[in-house]
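One-letter residues, chain by chain:
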Amino acid sequence: MKEIKFLLAVWKANLLSVMEYRVSFITQVLGMMLNDFMYFAIWIIFFDRFKDVRGWGVSDMYITYGVLASAFGLVSLFLGNTFTLSEIINNGRLDYYLSLPRPVLLHTVSSRMVSSGMGDFTYGFVSYALSGQYTWDGFLRFILATFLAAVVFASFLIIVGSLAFWFGIISNLTNLMVNAMITFGIYPTTLFDNYAKLILFTIIPAALMGAVPAEFIMEFTWGSLAKLCAGALIFLFLSIAVFYTGLRRYESGSAIQVEI
Amino acid sequence: MKSFKKYWSIFRITLINSLAYPGELIGRSLLIIPFMWIFYQLWKITFEAAGTVSINGMTLYSTMWYLMMAETIELSRPALARTISENVKDGSIAYILNKPYSFLLYQFSNSMGETIFRALTNALFGSVVVWWLVGPPPAPLGWLFALITIFGTWVLNYCITCLIGLSAFLVEDVSPYMWIYQKLVFILGGFLIPLSFYPPWLQTIAKALPFAAMVYGPSQLFVTPSLELFVNVLLMQFIWIVILGSTLVFSYNRGVTYLTVNGG
Numbered sequence: 001m002k003e004i005k006f007l008l009a010v011w012k013a014n015l016l017s018v019m020e021y022r023v024s025f026i027t028q029v030l031g032m033m034l035n036d037f038m039y040f041a042i043w044i045i046f047f048d049r050f051k052d053v054r055g056w057g058v059s060d061m062y063i064t065y066g067v068l069a070s071a072f073g074l075v076s077l078f079l080g081n082t083f084t085l086s087e088i089i090n091n092g093r094l095d096y097y098l099s100l101p102r103p104v105l106l107h108t109v110s111s112r113m114v115s116s117g118m119g120d121f122t123y124g125f126v127s128y129a130l131s132g133q134y135t136w137d138g139f140l141r142f143i144l145a146t147f148l149a150a151v152v153f154a155s156f157l158i159i160v161g162s163l164a165f166w167f168g169i170i171s172n173l174t175n176l177m178v179n180a181m182i183t184f185g186i187y188p189t190t191l192f193d194n195y196a197k198l199i200l201f202t203i204i205p206a207a208l209m210g211a212v213p214a215e216f217i218m219e220f221t222w223g224s225l226a227k228l229c230a231g232a233l234i235f236l237f238l239s240i241a242v243f244y245t246g247l248r249r250y251e252s253g254s255a256i257q258v259e260i
Numbered sequence: 001m002k003s004f005k006k007y008w009s010i011f012r013i014t015l016i017n018s019l020a021y022p023g024e025l026i027g028r029s030l031l032i033i034p035f036m037w038i039f040y041q042l043w044k045i046t047f048e049a050a051g052t053v054s055i056n057g058m059t060l061y062s063t064m065w066y067l068m069m070a071e072t073i074e075l076s077r078p079a080l081a082r083t084i085s086e087n088v089k090d091g092s093i094a095y096i097l098n099k100p101y102s103f104l105l106y107q108f109s110n111s112m113g114e115t116i117f118r119a120l121t122n123a124l125f126g127s128v129v130v131w132w133l134v135g136p137p138p139a140p141l142g143w144l145f146a147l148i149t150i151f152g153t154w155v156l157n158y159c160i161t162c163l164i165g166l167s168a169f170l171v172e173d174v175s176p177y178m179w180i181y182q183k184l185v186f187i188l189g190g191f192l193i194p195l196s197f198y199p200p201w202l203q204t205i206a207k208a209l210p211f212a213a214m215v216y217g218p219s220q221l222f223v224t225p226s227l228e229l230f231v232n233v234l235l236m237q238f239i240w241i242v243i244l245g246s247t248l249v250f251s252y253n254r255g256v257t258y259l260t261v262n263g264g
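Chains as they are written, first to last, in this note's numbering: chain V, 1 to 260; chain H, 1 to 264.
The set of hints was computed from the structure by calculation and includes no laboratory data. Worth double-checking, as some hints may not be accurate.
[Claimed, not checked] Simulated restraints, written as ranges between beta carbons of each label pair:
(1) H:I180 to V:F147: 28 to 34 angstroms
(2) H:A208 to V:I143: 42 to 48 angstroms
(3) H:L147 to V:I4: 39 to 45 angstroms
(4) H:L141 to V:A226: 53 to 59 angstroms
(5) V:L238 to H:F4: 52 to 58 angstroms
[Stated by the list, open to error] Short, incomplete list of chain V residues facing chain H, as computed with Cβ under 7 angstroms:
(6) V23
(7) I26
(8) G31
(9) N35
(10) Y39
(11) A41
(12) F46
(13) R49
(14) V53
(15) R54
(16) Q133
(17) N179
(18) A180
No experiment lies behind these values; they were computed from the predicted model shown. Yeah, the Cβ is synthetic: ideal placement off N, Cα and C, and Gly gets one too.
Could you put together the complete structure from these sequences and hints?
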């Protein structure tokens, strides 16, 4: 309860901070929504020409893209520092969070809000509404699936970022992994063979951020819900374990850091 | 000649500098490997589903090599708009403006120096993967035509990104304009889907705009080189370089009059 209050206070401060530059905030939100729509337009062109890829049509792509965008937006909005965790570790900026009486990981990752995330988050819902498969129970599943996909994505980013405790500068790897998650996440799992599927559920869990949540939204099955919940829980625990194991190796110089 | 030597030196310094961190260079280029692999999965299934080996003159082989070239072009672009907009916003542009060189040519030489090795490593990794997946690269004539037209692509890209960066004189944040530019390249440039697969009306629109001359042109020339297409791409690049280049020079001259730098 105490931690929830703390999180709400951090998020409120983040929101006030990004709203300080209102024009920039609105430009970023609208710009990101337009950006998402334009990116999706490629798939509209593709399915207009080829109609179907192993049972996956444009309507299914709307849902997959929607849940992926909303999950990405949710993480950008509420856990914005997950994208830059490796830089925070390398630059010794964890000192600030370590000196405060709050959970280090939670405080670190929640201390930044990426304005454009609001555009992604909102666009995801628009995409779902446009899919032609909208139902009220589907909408509730969309919300749940977005949340679970966001947990997987944030946990994955924390695991990758925490590797900086062992390997130092890994910003390239972080970018590579974020891009891989987004790129692979939008494709249906039917596209891949069994070895590739294994990778997409484990090393790069993109299937748990795009295709599996989309299947769950389209049709409720205990199997897909179990996959999503198990994936989110496993990756969450793994991320906490990796971060705190790495934290024991953390060293910082005498640089003065200012966190605003 | 003296003036050319000055910019050649800036180009050389950035070029050498880009080799100072080979790990960084290779790390960036690794991204092309998963992209090519996923494209292969998608297009292999698409061609199988269509029940044909050739769609609008493109085979799986030519599609994959086309996409390799398109990816190389896109992934090699330097983040020039962000650099210029930061220069404008934090006032560090003043350090460049008071030097004895043109700001625009300085940025051009700089961005060229950043692009060359990035393009080479992307092409290398991309080619290895695509070679392994579909077979050896197309005929050498394609390489030659692509190489010549890619230079035009870089000039066009420089004009557009520089214009976006300089818009920081007027707007707080240029990143939305960068995202939209990137998506225009994706859609109208034929970056993710070759333009040959588009409906004819959209092909006509796309081919009249600079984005097709930037990605589709060099990539298509790479897989199916023809003198007619080569001349056409060069002509489109020339027209758009004149239009965008003039707009850039005009905007820069106007922008500098807005500039106010406080402190130092």
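How the hints compare with the structure:
For the pair H:I180 and V:F147, the beta carbons lie near 29 angstroms from each other, so the given range of 28 to 34 angstroms is met. In this structure, H:A208 and V:I143 meet the distance hint of 42 to 48 angstroms, their C-beta atoms being roughly 43 angstroms apart. As the Cβ distance of H:L147 to V:I4 is approximately 59 angstroms, the hint placing it in 39 to 45 angstroms is violated. For the hinted restraint 53 to 59 angstroms between H:L141 and V:A226, the CB-CB distance of approximately 56 angstroms keeps it satisfied.
Judged by the Cβ atoms, the range 52 to 58 angstroms given for V:L238 and H:F4 holds: they are separated by roughly 57 angstroms. Hint status for V:V23 relative to chain H: holds, with the closest Cβ pair at about 6 angstroms, below 7 angstroms. For V:I26, the shortest C-beta to C-beta distance to chain H is roughly 10 angstroms, which exceeds 7 angstroms, and the interface hint is violated. Given hint, V:G31 at the interface with chain H, holds; its Cβ is 2 angstroms from that chain's nearest Cβ, closer than 7 angstroms.
For the restraint placing V:N35 at the interface with chain H, the shortest Cβ-Cβ distance is roughly 4 angstroms, inside the 7 angstroms limit, so the hint holds. Below 7 angstroms, beta-carbon pairs count as interface contacts, and V:Y39 has one with chain H at about 6 angstroms; its hint therefore holds. For V:A41, the interface hint holds, since its Cβ comes within 7 angstroms of a Cβ in chain H; the closest pair sits about 6 angstroms apart. Proximity of V:F46 to chain H holds as hinted, the smallest CB-CB distance being about 6 angstroms (cut-off 7 angstroms).
Against a cut-off of 7 angstroms between C-beta atoms, the interface hint on V:R49 holds, since the closest Cβ of chain H lies about 5 angstroms away. For V:V53, the shortest C-beta to C-beta distance to chain H is roughly 6 angstroms, which falls under 7 angstroms, so the interface hint holds. With 7 angstroms as the threshold, the beta carbon of V:R54 comes within range of chain H, its nearest partner Cβ sitting at about 6 angstroms, so the hint holds. Taking 7 angstroms as the C-beta cut-off, the interface hint given for V:Q133 is violated, the closest approach to chain H being about 22 angstroms.
Taking 7 angstroms as the C-beta contact cut-off toward chain H, the hint placing V:N179 at the interface holds, the least distance being around 6 angstroms. The interface hint given for V:A180 is met, as the beta carbon of that residue sits about 5 angstroms from the closest beta carbon of chain H, less than 7 angstroms.
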